[in-house]
Amino acid sequence: MSHQRTQATETGVVFPMGEGSQLRTSTSTARKVLAAALGPLDAQAAAQVQGEAQWRLNYPGYFRQLVQGALSQPDQAVPSARRGLDAAMDALCWAVEGQDIPLSAMVAQLTHKPTPRATPAFETRTLTGRHGPAEISHPLAIPYKGKLLCGQALAEQARAWAVRGIIEASAAQALIRCVDNPQWFDLSDRTLVLLGAASEAGPLRTLSRWHANIVAVDLPRPEAWKRIAAIVEGGNSVVHVPLMASNPSADWTARAGADLLKELPQITTWIRGFKGPLDVAAHAYADGERHVRLAAAMDVIQAVACHDHQDSTLAFMATPTDVYAIPQSTAAASMDNFRNRPWLSKVLQAQLSLFTGKRFFQPNIDALVQTPTNAKYAVVDGLVIQQGPNYALAKRLQQWRGLVARASGHQVSLNVAPPTETSSVLSNRAIAAGYRAADVFGVEVFQPETTTALMAALWVHDLRTGNETDHASAPSAHPLDLIAQGACHGGFWGVGYRPRTALPFVAGLGLLRGVVASIKRALKRRRFSGKAVRVPAAS
Numbered sequence: 003m004s005h006q007r008t009q010a011t012e013t014g015v016v017f018p019m020g021e022g023s024q025l026r027t028s029t030s031t032a033r034k035v036l037a038a039a040l041g042p043l044d045a046q047a048a049a050q051v052q053g054e055a056q057w058r059l060n061y062p063g064y065f066r067q068l069v070q071g072a073l074s075q076p077d078q079a080v081p082s083a084r085r086g087l088d089a090a091m092d093a094l095c096w097a098v099e100g101q102d103i104p105l106s107a108m109v110a111q112l113t114h115k116p117t118p119r120a121t122p123a124f125e126t127r128t129l130t131g132r133h134g135p136a137e138i139s140h141p142l143a144i145p146y147k148g149k150l151l152c153g154q155a156l157a158e159q160a161r162a163w164a165v166r167g168i169i170e171a172s173a174a175q176a177l178i179r180c181v182d183n184p185q186w187f188d189l190s191d192r193t194l195v196l197l198g199a200a201s202e203a204g205p206l207r208t209l210s211r212w213h214a215n216i217v218a219v220d221l222p223r224p225e226a227w228k229r230i231a232a233i234v235e236g237g238n239s240v241v242h243v244p245l246m247a248s249n250p251s252a253d254w255t256a257r258a259g260a261d262l263l264k265e266l267p268q269i270t271t272w273i274r275g276f277k278g279p280l281d282v283a284a285h286a287y288a289d290g291e292r293h294v295r296l297a298a299a300m301d302v303i304q305a306v307a308c309h310d311h312q313d314s315t316l317a318f319m320a321t322p323t324d325v326y327a328i329p330q331s332t333a334a335a336s337m338d339n340f341r342n343r344p345w346l347s348k349v350l351q352a353q354l355s356l357f358t359g360k361r362f363f364q365p366n367i368d369a370l371v372q373t374p375t376n377a378k379y380a381v382v383d384g385l386v387i388q389q390g391p392n393y394a395l396a397k398r399l400q401q402w403r404g405l406v407a408r409a410s411g412h413q414v415s416l417n418v419a420p421p422t423e424t425s426s427v428l429s430n431r432a433i434a435a436g437y438r439a440a441d442v443f444g445v446e447v448f449q450p451e452t453t454t455a456l457m458a459a460l461w462v463h464d465l466r467t468g469n470e471t472d473h474a475s476a477p478s479a480h481p482l483d484l485i486a487q488g489a490c491h492g493g494f495w496g497v498g499y500r501p502r503t504a505l506p507f508v509a510g511l512g513l514l515r516g517v518v519a520s521i522k523r524a525l526k527r528r529r530f531s532g533k534a535v536r537v538p539a540a541s
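Counting from 3, one number per residue, gives the positions in the sequence shown under this note's numbering.
One or more hints might be untrue.
[Stated by the list, open to error] DEER-style ranges, computed between Cβ atoms:
hint	residue 1	residue 2	range
1	E99	D182	54 to 62 angstroms
2	R58	K228	37 to 45 angstroms
3	S190	K228	19 to 27 angstroms
4	D289	L25	45 to 53 angstroms
If you're looking for bench data, these hints aren't it; they were derived computationally from the structure. Cβ atoms here follow ideal geometry from the backbone N, Cα and C, with glycine treated the same way.
Taking the hints into account, I'd like the entire structure generated from these sequences.
As structure tokens, this is what we get:
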């Protein structure tokens, strides 16, 4: 469906009601937000998106135009991001007692008016790892294919990933710096706020071994908090948990947690009670239109943290299935892969194009773009229709916040994470099938435990190096370099084909592989059970 709606009576973070309607719609809001961001870049595209009738099918083109426009007009990249972000925060609201308050007004109220004296909504429970603060922190170690990589083995693997195009060279260099600076991983001097602490690919498990001070926010789910407690107990960090003050239960896990969509002002106030500066990571995820509302809720907290302390930092994990401006060297690899594909593939794809209107196996890179500073880039479009426009908008809000905060002098860690076999990703059957055959196109899909450690290490790198190695701080650099630097895209950027134009065929191969694997497992179980496989006699 192109329109995803919520009831007008819903409380918490909500989409605005449609004109002349009592229903809330994400589609019209998304179009308005994109139009605002496109305004400084492409007036024609901004007008067109407002009237887009096939939004669910055509949204990738507008996100692509956003990046193309920002790439060719570097001086408008941040203004575009600011306008898009402002439009989103003006549109989405905090609904309470029958009144819709724009989130922008909520931020203004939180940052410019004294907080009324009231009974705190949350108390704090502090969990402490069983290892004492005097112990030497665990070294950086990344689990990968049954091994635990550390030291020179990790440095060599980082170089190997870069050579294969699985991660950018800048990401490999960052990992090598981490290997060379083990002292970075004593995080006792930082206060890390994890929004979505129980996220499957989030950094909690890794950070818990690095003496971190962690403020953990996740939904009120006792089982999740029991898992978090077990993780913390096995490490050496301190984790602060919000407890509902109004809940009298003796079991703290029954009181733990907060709903960012329902308790946003209360949890923001609780977080502000910790001494700053804060390092605030937006890692929470939800399906469908809830993801946009959740991204907006996290943005409120990050905006308040940045207002409260100039040294507060922000962190995000971007997705490889999005639109990015990539450097010429990476683009060249993709163009070479497309140009040098087997001749039989060229013939078959040419025939297929005649019957499908060039819908399939389109090149990942159309052309190089030269910026006013004579630097060359390309636009890579990894959007996957199956993930939908709400997913794309939620991730774009985070990129916009990163660009705006960076331009305001805040340190930002915004790294592209590799494709990962998390339960949320694998719940989409087409993407899950595509992942099973991704290696055919040179894409490597990571396990959650590898992604967790990898992205945690890159976050620490960004915290410790600050502007020293931040390419986006160079006067001649493009603002979008903030996102391309340190990317671990799994090989998506070097693929010869635009991912969504090849996905149906890759997914088909993945399904076939799944069937074959199931047959092999069935035969193996039968063999070990002692039952012979009956073979028909020859006639």
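Original post:
Does the Cβ pair S190, K228 satisfy 19 to 27 angstroms?
Top reply: Given range 19 to 27 angstroms: holds, Cβ gap about 26 angstroms.
Subject >> Beta-carbon spacing of E99 to D182 - inside the hinted bounds 54 to 62 angstroms or not >> reply: holds (56 angstroms)
Subject >> Cβ distance range 37 to 45 angstroms for R58 and K228, holds or violated >> reply: holds (39 angstroms)
Subject >> Cβ separation of D289 and L25, checked against the hinted range 45 to 53 angstroms >> reply: Cβ of D289 to Cβ of L25: about 19 angstroms, so the range 45 to 53 angstroms is violated.
Consistency with the previously given hints fails for number 4 only.
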